[in-house]
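A.B. asks: Spelled out, the chains give:
Protein chains: 2
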Amino acid sequence: MAQRVLVLGGDGYLGWPTAMYLSRGGYRVAVVDNFAKRAWELELGVQPLFPITTLHQRVRAWREVSENEIEVFVGDLTDYRFVESVFRSFRPEAVIHYGEQPSAPYSMIDVRHATYTQANNVVGTLNVVFAIRDIVPDCHLVKLGTMGEYGTPDIDIEEGYLTVNHDGRSQRFLYPKTPGSLYHASKVHDSTNIHFACRIWGLRATDLNQGVVYGVETDESAMDEQLATSFHYDEVFGTALNRFCVQAAIGHPLTVYGKGGQTRGFLNIRDTMQCVELAVRNPAEPGEMRVFNQFTEQFSVSELADRVKAAAEHLGWSVEVVHAPNPRKEAEQHYYNAKHSKLLELGLQPHYLGEELIDSMLHKIERYRDRIDPSVLVQNVRWVPAEPEKTPA
Amino acid sequence: MAQRVLVLGGDGYLGWPTAMYLSRGGYRVAVVDNFAKRAWELELGVQPLFPITTLHQRVRAWREVSENEIEVFVGDLTDYRFVESVFRSFRPEAVIHYGEQPSAPYSMIDVRHATYTQANNVVGTLNVVFAIRDIVPDCHLVKLGTMGEYGTPDIDIEEGYLTVNHDGRSQRFLYPKTPGSLYHASKVHDSTNIHFACRIWGLRATDLNQGVVYGVETDESAMDEQLATSFHYDEVFGTALNRFCVQAAIGHPLTVYGKGGQTRGFLNIRDTMQCVELAVRNPAEPGEMRVFNQFTEQFSVSELADRVKAAAEHLGWSVEVVHAPNPRKEAEQHYYNAKHSKLLELGLQPHYLGEELIDSMLHKIERYRDRIDPSVLVQNVRWVPAEPEKTPA
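Read top to bottom, the protein sequences are chains A and B. Following the working numbering, the numbering of the first sequence begins with 102 at its first residue and continues without gaps. Following the working numbering, the numbering of the second sequence begins with 102 at its first residue and continues without gaps.
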């Protein structure tokens, strides 16, 4: 019988393609979403580059294209009664948890967005953890974390754990985290809580510390225009390479923040699909919180911009790279060496970032050029507020 | 002019004595509370051993006894508009933050209490951090954390930071935490967030990782019965030594959980007063999150029980020590060596746990023996639920 997999945040950039990928792969898939992301888009006045149908339309289109059914649960993970009802009815054997506020800039807008992000992510995840504990204790939680939890330490970033030798004694710790935004901090909180749940209740979990994802489509989303995923290029929800490609497509300079030496792990959206399925197919042991660093290559932001520039110029587009003031407070030149062997050992076949791939992104984006709104490329969310409030005399 | 100190959670076991201590010490003191603790007492059917007047009555009694004024703000730290109004009107130069749900067992009752604890503590603290950033950026945040954040690692527990040498490189990290309950995890989240605020916004903070506090009174609370603090002996809000003393006073066996080798840092409530004032008097630098391990001695739970037994027997009371099933899941025999020199270097004069001190606790408790409700000594909050839900066929 097909394994039951529940995808939380199944209406999102990664959640929806994951649902299709697993559905096509023979799993019985259900998705959960509360459409919070669509509300944040309305709030900020941004929209995905490709026209996105409703979740119900997507599911219908997927049924027509693939003859597979994806079940839909609409509700909020911070409402335990909803979470409980989903787990009791679907009884998942694996849960893939993308159902969080995923944007660092969004979390840094102001106190309201900061507290919303942390309460939403932490409470939603705790509810999921309790539902697993009390309803389906053998279920494997596959939780999307982020490489941004680690920050940029001056030693190698190991995969989740670090053995520390100190004054003649030794201890293996969860790798110490130094998150770069209050969103990243919310993911650190989740990891702390999930680790607790594994230690105390014997839950099985895989924490996927994902790098920055790029890419416009997967094999499944390419099957029909109605199956497109919600590709963002604005400053709040768009990731670096995606934004650079959109900038190139409209002749906007590629805006590298600060010195551009900020180095991160990156991966293709197709590899996200693979990684998540590898985690599901090879579950953690009861009581184990396994951590994978989920990315395939490291780049500095400047290197990324240069690659997009080169690919665009081969298409005859004229592209400029500029250094813009960095809205974030972060190290702009630093050591960075993050291990990422565990998913390769499980069989990950990486799609590396070649010019062909950037080409295909640029071509696809060009077809939707009329939908690009250049005004959202900069949204003025600053890590440190520009004008500190004046103290009254 | 007197320094303005804001005590969050100023109606609590430590908050109220701290407010009096600082008021007597020449500070201008205001307290914030939403009386959540009094609501939790009603919820669980427990009450403090000594009769407690209302906060307004306490403040009035303090005015009569000391001729000092303590200002009162009633409201909830999770409501930013309230926090903002307090900071704008009082403009604190230091904030002492006890305003959190402080009980590990309370956080472990069920999913609702777990999520409440984490959202309450994390959101309240974030609101305070933003209010400091935006209204009084030079204000020093003195945040009460707990030694329980560290767990029981097999290496020495340093004071807040750990320098890790790894493959020929070196990095100083916040000391990695392995919290023992979802309450303790909420404090770890707070530390992560406050560290972020210091790094990104240049806030100044002191994180006091406090040990288990014991004691029934301070110099100030002893000045008038109306100034008593809310001493708890029930399983949810009472700390180990306090509970043992109450058990001894009513001839109840001292219930040591499990093997009793669980070792923790302890301190006298009078030393909490000193430590907090030392932190206020010697503020952290801008951008610095300073961490002090705030305790004076380490004991195992069995050692504590033996000391109470010995002191009680000298009074002619017959006392038995029994090993009860451990409601917590924790190591019961482990290495434990926690550093705690920084507050001593600032001038802390410890009140060590001598028989005289236990004597005086026992005598004071004995006077209120009629108010002791033995039924609350065990409340059946278990870290691992006793009966996992049955899976329907």
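Careful, some of the hints might be misleading.
Stated by the list, open to error - Far from chain A by the CB rule (all over 10 angstroms, computed), these chain B residues:
| hint | residue |
| --- | --- |
| 1 | Leu227 |
| 2 | His267 |
| 3 | Arg300 |
Claimed, not checked - Only pairs whose alpha carbons sit at most 35 angstroms apart, straight line, appear in this in silico DSBU-like list of lysine-lysine:
| hint | chain 1 | residue 1 | chain 2 | residue 2 |
| --- | --- | --- | --- | --- |
| 4 | A | Lys430 | B | Lys440 |
| 5 | A | Lys360 | A | Lys410 |
| 6 | B | Lys465 | B | Lys430 |
| 7 | A | Lys440 | A | Lys360 |
| 8 | A | Lys430 | B | Lys443 |
| 9 | A | Lys360 | A | Lys465 |
| 10 | B | Lys465 | B | Lys443 |
| 11 | A | Lys443 | A | Lys430 |
| 12 | B | Lys410 | B | Lys465 |
| 13 | B | Lys440 | A | Lys440 |
| 14 | A | Lys440 | B | Lys430 |
| 15 | B | Lys440 | B | Lys410 |
| 16 | A | Lys443 | A | Lys360 |
| 17 | B | Lys410 | B | Lys443 |
| 18 | B | Lys443 | A | Lys443 |
Claimed, not checked - Computed footprint of chain B on chain A, listed as stretches where at least three residues anywhere in the stretch have a Cβ under 8 angstroms from a Cβ of chain B:
| hint | region |
| --- | --- |
| 19 | 242-251 |
| 20 | 344-354 |
It is worth saying that the hints were derived from the structure and are not from the lab. In this text the structure is predicted, and so the values were computed from the model without any measurement. Backbone N, C-alpha and C define an ideal beta-carbon position, used for all residues, glycine too.
A.B. asks: If a hint holds in the structure, say so; if it doesn't, say that too.
C.D. replies: Results of checking the hints against the structure:
1. Leu227: violated (5 angstroms)
2. His267: The claim breaks: B:His267 does not keep its Cβ more than 10 angstroms from every Cβ of chain A (closest is about 4 angstroms).
3. Arg300: Per Cβ check, B:Arg300 is inside 10 angstroms of chain A; nearest 8 angstroms; violated.
4. A:Lys430 / B:Lys440: With a Cα-Cα distance of about 33 angstroms, the restraint between A:Lys430 and B:Lys440 holds, given a limit of 35 angstroms.
5. A:Lys360 / A:Lys410: Between A:Lys360 and A:Lys410 the Cα gap is close to 17 angstroms, so the pair holds against 35 angstroms.
6. B:Lys465 / B:Lys430: Holds, at roughly 33 angstroms.
7. A:Lys440 / A:Lys360: Measuring from Cα to Cα gives roughly 24 angstroms; hence the hint holds.
8. A:Lys430 / B:Lys443: holds (30 angstroms)
9. A:Lys360 / A:Lys465: holds (30 angstroms)
10. B:Lys465 / B:Lys443: Given that 35 angstroms is the threshold and the Cα spacing comes to 32 angstroms, the pair holds.
11. A:Lys443 / A:Lys430: Holds, because 31 angstroms separates the two Cα atoms, which is no more than 35 angstroms.
12. B:Lys410 / B:Lys465: Given pair B:Lys410, B:Lys465 holds - Cα atoms ~16 angstroms apart, limit 35 angstroms.
13. B:Lys440 / A:Lys440: holds (32 angstroms)
14. A:Lys440 / B:Lys430: holds (33 angstroms)
15. B:Lys440 / B:Lys410: holds (28 angstroms)
16. A:Lys443 / A:Lys360: holds (32 angstroms)
17. B:Lys410 / B:Lys443: Roughly 32 angstroms separates the two Cα atoms, so the pair holds.
18. B:Lys443 / A:Lys443: violated (41 angstroms)
19. 242-251: Since 0 is below three, the answer is violated.
20. 344-354: Check failed, 0 qualifying residues.
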